[in-house]
Structure formats: structure tokens, C-alpha cells
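J.: Next come the chains, spelled out residue by residue.
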Amino acid sequence: MSQLLPYLFLGLLLLAVLVWWVWGAIIQRGAAEVLAPRQHRSSVRSVGLQGDLAERIFGPQDWDFVSRETPSEIQRMFQRERTALALAWLRRMRLQVSQVMRAHVVVAQQSDDLQLATEMRLALSYFLFLILCNSLIGWVWLHGPVRTRKIVGQTLQWAVRLRAAFEQLMATIDPASCRVVGAISITERFGAK
Amino acid sequence: MSLKQRSIDLEPAITDLRNRTLSRLPDDFSRLVYLASSRDLNTGNYSHDGLAFHFSQNVASKAMALCHGEIFDRLVYASLEELIAELHHYICTTDEPPEDFLKSWEHLGSYRVTIPSECDELEAQVFLSNLKMALTILQTRQKHSSRDEQSA
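Listed in order, the protein sequences are those of chains A and B.
Numbering of the first sequence is given in this note's numbering, commencing with residue 21 and proceeding in unit increments.
Numbering of the second sequence is given in this note's numbering, commencing with residue 44 and proceeding in unit increments.
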């Protein structure tokens, strides 16, 4: 039992850091940042293609070609390049979901008709999404994007489900804000897949 | 002016650019390089005398920027194999020896200027990464073919 204690401590420490980070990310940021978030240069045109870009990065087509046609050093270079792209894509997805969550928190704070159970469910989904996303980042970093393709597809589906939940909640809490935040931020940032 | 209105105003200029200029170029990569080289790197504005004469400098520049973005998108979403074929075809249309071309593009990073100003950051990263891979693969093929020629 005592052999397990360091692992248990490490696990609890990691959990505490994650909870602190999520808390900081969704609660302590001010409304100003939500209304004018730090934008990465992304156009409406390209954000609509987010799913396609994931397919482009994680898809097997290029790897099949490279493994068939090129020597091993080029294959290693390809893996390095795609790992960097996959990590950039995952970090961007995490950032976009966090921005939407912050926007939701600001609107929810001003709402009189807050449904605690739904909010808790949403917070839990967001928390699990962050865990999944961070695990994926670690997994891609260790194993490369080719082997992570299936899990990424599932994460993308989860992100789309979260979007639907956000939109539903926004519509319930504040229909006026939903028109603004929902129409501009949520649908455009995620893009439909 | 609304987005729809703006695109209606640009449509004749875009059609003219596609039919008279871009269709004469053999492939998308040549079109991309042509459009990028028509852009003033200091201002980001494109210049095309014929198009500016028929429409206006502003409309011509916007039409070229739009076409630049479209062609760039096609190349970003093309497979690596297709991109290599495009690049190889483009190299063949220039009069430069392929080994010099490849070395220069790799060392100078000349391909970086082909990215449109209004593109998504991650799309640009994907394009640059794929182009870097394509250059390396073509260089390897080039080395192999020169070696084969020498041994023959």
C-alpha cells in the first residue's frame, strides 16, 4: 500500500493543478477578454474548414504515400512535421473551446434563470474535454498523429456535442446573447463536421 | 457595403482574371507563384495593369487577393503526392536546372512569400510543412536520378 502512496500523491497533485487551471481559465478571466479575446489570425472561411484541416493533418493518405515512396529519414521527417502540426491543431481547438466556455460563463453570471444541474453537467463535460485534449496532446507528442487518428475523430465529435450543448444553454439563458455569441463565435469557431 | 454586395462588385474582375490571365498558366502552383509575385510586399496590394485599367486598382487588387486565397486553399487541401506533382511540373516550366531551383528554394525559403495575407495561421503552417516535405522528396529523387545517370 505504501508503494502506491507516491503515485496517489502525484495523481492528486496533477488533478489539483488541472482543477486550478480550469478554474483560472473559466472563472477568473474578465468580461473584457471575452468580448475581445486574443484572436489568432483566422478567417471565417478557414474556420469553417476546421474539420477538413484535421482530416488533412491526421489523415492516412500522406503517410501511406511517404511510407511507400520515400526512405526512412524522410519518413522520420514527415512524422516530426505532422506531430508539430497536430499539436498546433489540438492547442488551437482547446483555446477555442475555452473561449466559448468563458463567453458562456460571462453570460451565465448575468443570467437570472440559471439551471444549476445543467451548468454542472456542462462544466463536467468541459472538464472532461480538457482532460481528453491534454491527454491527446501528450499522446501525439509521444506517438505521432498517425496512430492518434481515431481518438482525434472522437474528440472532434465531443467538441461538436459541446457546441450543441453551449448553444442550447445560451438559448435558454440569454436568447439575445445567443444570437451574437452563438452566431458569430460558436458556430464559426468550431465549424460543422 | 455588405459582403454579398462586395463580392458582386468583384465578380467581373475575378472572372476576367481567371479567363484572361490565370487560365493561361499551366497549373495551380504557377498561378500561386504568379499571384504572390504580383503583390507588393510592403503594402500587400496586388498589381495588374490590364485589370486595373478595366476596373480599378482597388478592385483589381481585391480580385487578385481572392483568387490567391482560393488557389492557396486548393493547394493546402491537396495531398502531398499531388503537391509534389504540382511543384515538379512548375519546376519543369522554369528554365532553371532542377537541382539549383530546389537548393535555392530550400535555402532561401522563397516559398514563404507565396502565402496569401488573409489566410488562416494553421493552414499556412500546413502548407509550409507540406512544401518543405515536397522539396525534400524531390531533392532526394533528383539525387537518385543524377546518381543513376552517372553510373550509366
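Simulated from the structure, these hints should not be mistaken for lab results.
Don't take every hint at face value.
[To be verified] Quick list of the computed label-pair ranges, beta carbon to beta carbon:
#, chain 1, residue 1, chain 2, residue 2, range
1, A, Trp161, B, Ser80, 46 to 52 Å
2, A, Arg111, B, Arg190, 39 to 45 Å
3, B, Arg155, A, Leu148, 28 to 34 Å
4, B, Thr136, A, Gln174, 57 to 63 Å
5, A, Leu24, B, Arg190, 55 to 61 Å
6, A, Gly158, B, Pro140, 41 to 47 Å
7, B, Arg67, A, Lys170, 41 to 47 Å
8, A, Val180, B, Arg63, 38 to 44 Å
9, B, Lys175, A, Leu32, 42 to 48 Å
[As the list claims (entries may be wrong)] Interface residues of chain B toward chain A, partial, derived using beta-carbon atoms under 8 Å:
#, residue
10, Val169
11, Thr179
12, Gln185
13, Lys186
Idealized CB from N, CA, C, for every residue including glycine.
J.: Against this structure, judge whether each hint is valid.
T.: For each hint, the structure was consulted:
A beta carbon spacing of about 38 Å between Trp161/A and Ser80/B contradicts the range 46 to 52 Å that was offered as a hint. In this structure, Arg111/A and Arg190/B meet the distance hint of 39 to 45 Å, their C-beta atoms being roughly 42 Å apart. Arg155/B and Leu148/A have their C-beta atoms about 39 Å apart, which leaves the hinted 28 to 34 Å range violated. Hint check: Thr136/B to Gln174/A, Cβ distance near 44 Å, so the stated range 57 to 63 Å is violated.
The hinted window of 55 to 61 Å between Leu24/A and Arg190/B holds, with their beta carbons roughly 59 Å apart. Checking the proposed 41 to 47 Å range against Gly158/A and Pro140/B shows it holds: the Cβ atoms sit about 46 Å from each other. For Arg67/B and Lys170/A, the hinted distance range of 41 to 47 Å is satisfied, since their beta carbons lie about 45 Å from each other. The beta-carbon spacing between Val180/A and Arg63/B, approximately 43 Å, falls within the hinted interval of 38 to 44 Å.
Our hint of 42 to 48 Å for Lys175/B and Leu32/A holds, since their Cβ atoms are close to 43 Å apart. The beta carbon of Val169/B comes within 6 Å of a beta carbon in chain A, closer than 8 Å, and the hint placing it at the interface holds. Look at Thr179/B: its Cβ gets to within about 6 Å of chain A, closer than 8 Å, so that hint holds up. Here the hint on Gln185/B is broken, as its CB sits about 13 Å from the closest CB of chain A, past 8 Å.
Given the 8 Å rule on beta carbons, the hint for Lys186/B is violated: about 11 Å separates it from the nearest Cβ of chain A.
The structure fails hints 1, 3, 4, 12 and 13 (numbered hints given earlier, in ascending order).
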